[in-house]
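Protein chains in written order, with the working numbering: chain A, 1 to 329; chain B, 1001 to 1506.
Each computed SDA-like pair below joins lysine to any residue, with the alpha-carbon atoms no more than 25 Å apart:
#  : chain 1 : residue 1 : chain 2 : residue 2
1  : B       : K1421     : B       : L1390
2  : B       : K1171     : B       : G1076
3  : B       : K1185     : B       : E1478
4  : A       : K218      : B       : F1371
5  : B       : K1333     : A       : G128
6  : B       : K1333     : A       : V126
7  : A       : K218      : B       : N1366
8  : B       : K1391     : B       : N1468
9  : A       : K195      : B       : N1348
10 : A       : K195      : B       : G1369
11 : A       : K218      : B       : L1354
12 : B       : K1391     : B       : R1432
13 : B       : K1171     : B       : R1066
14 : A       : K195      : B       : N1331
15 : B       : K1421     : A       : R193
16 : A       : K195      : B       : S1396
17 : A       : K218      : B       : G1339
18 : A       : K195      : B       : A1312
19 : B       : K1185     : B       : G1480
20 : A       : K218      : B       : D1346
Sample of chain B residues lacking proximity to chain A, with all beta carbon distances greater than 10 Å (derived):
#  : residue
21 : I1143
22 : D1237
23 : G1299
24 : E1321
25 : S1491
These aren't lab readings, by the way, just hints derived from the structure by calculation.
Don't be surprised by glycine CBs; every beta carbon is placed ideally from N, CA and C.
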Amino acid sequence: MTATTEEQSRSTIRERLSGVVSQLAAAGALIVVFVFLSVASPVFLSADNLFNIGVQTSYTAVIAIGMTLVIITAGIDLSVGSVAALSGVVGVVLMTKAGIPVVPAILGGVFVGGICGLVNGLLVSVAGLNPFIATLGMLSVARGLVYIPTNARAVFGAPDSFRLLGQGVIGSIPIPIIVVAVVATIGYVVLSRTKLGRYAYAMGSNREAARLSGIPIKRYLTAVYVISGALAGFGGMIASSQVDSGQPNFGMGLELDAIAAAVIGGASLFGGQGTVVGTLIGAFLIALIRNGSVLLDVNIYYQQVIIGVVIWVAVLWDQYRRRRLTAAD
Amino acid sequence: MSSAEAQTKGAKEPVIRLRNISKEFPGVLAVDEVNLDILPGEVHVVAGENGAGKSTLMKLLSQVERPSGGGIEISGEEVAFHGPRYAQSLGVAMVYQEFALAPDLSVAENLYMGREPGRFGFVSRGAERVEAGTLLGRVGLPIDPDLPTGRLTVAEQQRLEIAKALAIDAKVVIMDEPTATLAEKEIQDLFGVIQDLTANDIAILYISYRLDEIFRIADRVTVMRDGRVVDTLPVSDLDEDELVHLMVGREVKNLYPKPETVIGDVLLRARDIARAGVLENCSFEVRSGEILGFAGLVGAGRTELARAVFGADPVDSGTIELEGQDLRIRNPKDAIEAGIGYLTEDRNGQGLALQLGIDQNITLANLPGRFGFINLGAERRTAARLRDELKIRTPSVRRSVQVLSGGNQQKVVVAKSLETKARVLFFDEPARGIDVGAKAEMFGLIGDLAKEGRGIVLISSYLPELLNMCDRILVMREGGVAGVVSREDFSEERVISLATGTKEAA
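Please build the complete structure, drawing on both the sequences and the hints.
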C-alpha cells in the first residue's frame, strides 16, 4: 500500500515535470524574449508597461482559453472574432438604447456569444458539419448580424461604470488582468477536474472510443462550443469596455491570434492535447513580441513574420518531442 | 542455426541477406545484430512475441527505418539506404497490416500509385486498366479495375496490396500478420496465392504468431526474442510446443485455460435483432457463468450483432432482456448503465483514447465524482486496484496508454468494462495483436470473469480459441444465425460447415 502511494507520488512529480518540459519551447521563448526586452529597452520592465501588455492581451487570452477547449476536442472555432464584435455591440446597445444596467448588459453580451456557440455546437454535433465549416459560416453570419443594424458604425454612450471592466484597477492591478486570472483558473479546473474537461480530451483523442464508453458526445461537444462562444462574447465585452464603445469592425483576424496562442502553447489541432497554462504562455509570448516591436521601433510588419516563425518553431518542437516519446517499438 | 546454414549452402543463393543488422531507438535496442538469409521461393516465417523486434526488422528491410549498424545484401550486392521507394525498386514489397490504400481512388489507380504509366505528368488510363486486369488475375481477384477501392472487402484489399507487390516485380513480399483480419476460407485463398507466388521464385517473408498457420505455410521459421534471432529452423524440425518455448523463452502450460464454471440462469436474451442488409433476425441467450462463442467468416455479422446489442449501431427491430427485464438500448450509454460491456476488436481505433493516461482510460466509462467534478483520488485508487487485479504492467497508472504493449492495452480495455460493473461482456477478438504469453493470461482472465458468474460472449476468427474456451458456439452466416453447437458436439468441421453453408468443410 505504502509502496503504491510512494511510487505514485514520484511518478506524479516526474510527469508534472515532463508536462512543464512540453511547454518548454513556448515557456523558454517567453523567458528569452522577456530577458532580451528587459536589456534592450529601458521602458520594458516598468510596471506600467507590463500591466499595459496584460491589459492589451486580456481579451485575446480569454477567447484563447475557450479556443483551447474546442481544439482539445479536435475542433476549431473560427467565429470567435465576429462573435466578440456582435456581443460587444449588443452589450453596449443594451446599456445605451435599452437602458439596462451595466452588469446585466455585459451578461447579455456573453449570452449572445453563448447562443452563437450553441448554433456552432448543434451544427457540429447534431447536423454533423465539420467544425471548420460550421464556424466559418458563423464567422460570416455574426459579422453580418452586427453590420445590419449598425450599418458598420460604432455605438457610443455607455455609462462610465462600464469602463471598469476593461480599464479599471483594484489596488494597482488592472481589472482585465484579474479577469484573465479568474477565467484561466476556472478553465484550469474545468480541464483537469471536471467530466467536461476529461470528456473533451477523450473526444479529441478518440471520438469512437469516447462514444463506446457511453459518453453523451453530442451534449458535451455542444457545451464546448457554447463555452467558446460565451468566452468570445465576454472577450468582446472587455474589448468594448477598453474603447468605451461597441465596434462592429472589432476582432477581424482575432480567431487566428487565439488559435496561434493555443497552438504555441502545445494544443494539437488533431485533438487530445492542450492546456490553459500553455495557451496563456502562447498569448503572452505573442503580446511580448508585439510590445517589443513597438518599444524597439521595429517595422510593424516584421512582428507578423516573427510570430509566424514562432508558431512553426513551437509546433515543430512539440512534434519532435512527441515522436521521441513514442518512437520506441 | 547450423541446419539453416546447411540449407543455405545448398541449391539457391539467398535473395536477401541481412548481415549483423541492428536498430537502436532511444533507450531500446529493438533489433540486435540479426543475421538472416531469405531464399528465393521460400515462405520464411518470422515468429516471436510482441516487442521481439519482428516489425522493426521488416521496417529495416523495407527501408522505412535506417539501420544503426550492419547491412543488407540483395542478390549478393550490398545496398545503400534511400528509403522505402528505393527498397521497392530493388524488389522488396511490403503488405502492411493496415493497408496503405486510398479508398476514394479506383483499384487501378491504387495499384499504380506513385508509378503511373504515362509521360509528362499525364496518366495513361488505358494502359493502367489493361495491366491492372492482368495483375489482379494473378492474385485471384477478378474485379473491375475501375471500382472504387473503398468498396472492396478486407480480404480483397489485401489481395490488391499483393497485386501492388507484383506490379513492382517484387523478389520478396513481406506480409505482416496477413491473416489477422481474415476468416478461415479467406486464409485458404490467401495461402493459395502465396503458393503461386513461391512457385515463381518469389520469396515470402511472413510475420505471424498464429501457431497453426506457421505449420501450414512455412518452409523455414526464424524465431526472434528481445531483438535477437533465437534460431532459424526448417519447419519440419519443429513442433508446436517447441516453437512456443522458443518464442516465449519459458514453458507456457495452457494457452486456453477453460474454467470450471457453474452455469446458471439466463442473463441476456436477444430476440430477432435485425438491421436491413446487415443482420437478419438474430436471437441468442447467454447464461451466467457461460462462455458463448460467436463464430463465422469475416462479414458474417458477428461484430455487428454484438455492436447492435450494445447500442453502438442502430437496429431496425428486436428485443433485449437482461435478467428477465426488457431493456431499451438506444446508445452505448444505455447498455453500459444496464450492465452490458463490449470490448472492441479495434483497440486503437475504438477502444482507447491513446493520449490519455491509463487511469483516465480505465475510468472513462464510469467517472467517480459528483456535480460534474471528478474525484481524482478515487480515480487513482480505482486505477491502482484494477492494475493490481489485472496485472497491468506499468510503473505508473498515470502513463499514457500508447506506451503500453498490446497485451497491457487490452487489459486496460478490460479494466474499463469491469469498472462499469458489467454483468455481460462481449469480447471481440480479445487476443488480436497480443503475444502468446499475454494471450494465455487474457483467456485466463476471461475464464475468471465467467467464474464470477458473468455471462461472456467471445468473438473470434480463430477456431481453436472458441473450441477450447466456449460452452456453446453460435455460428453466423451472412447476417443470420446458422446454428448453435454445444460443447459435446464441438468440432472444427462442424463449425466451418455451418459458417460456409456447406455439408463438408471446404
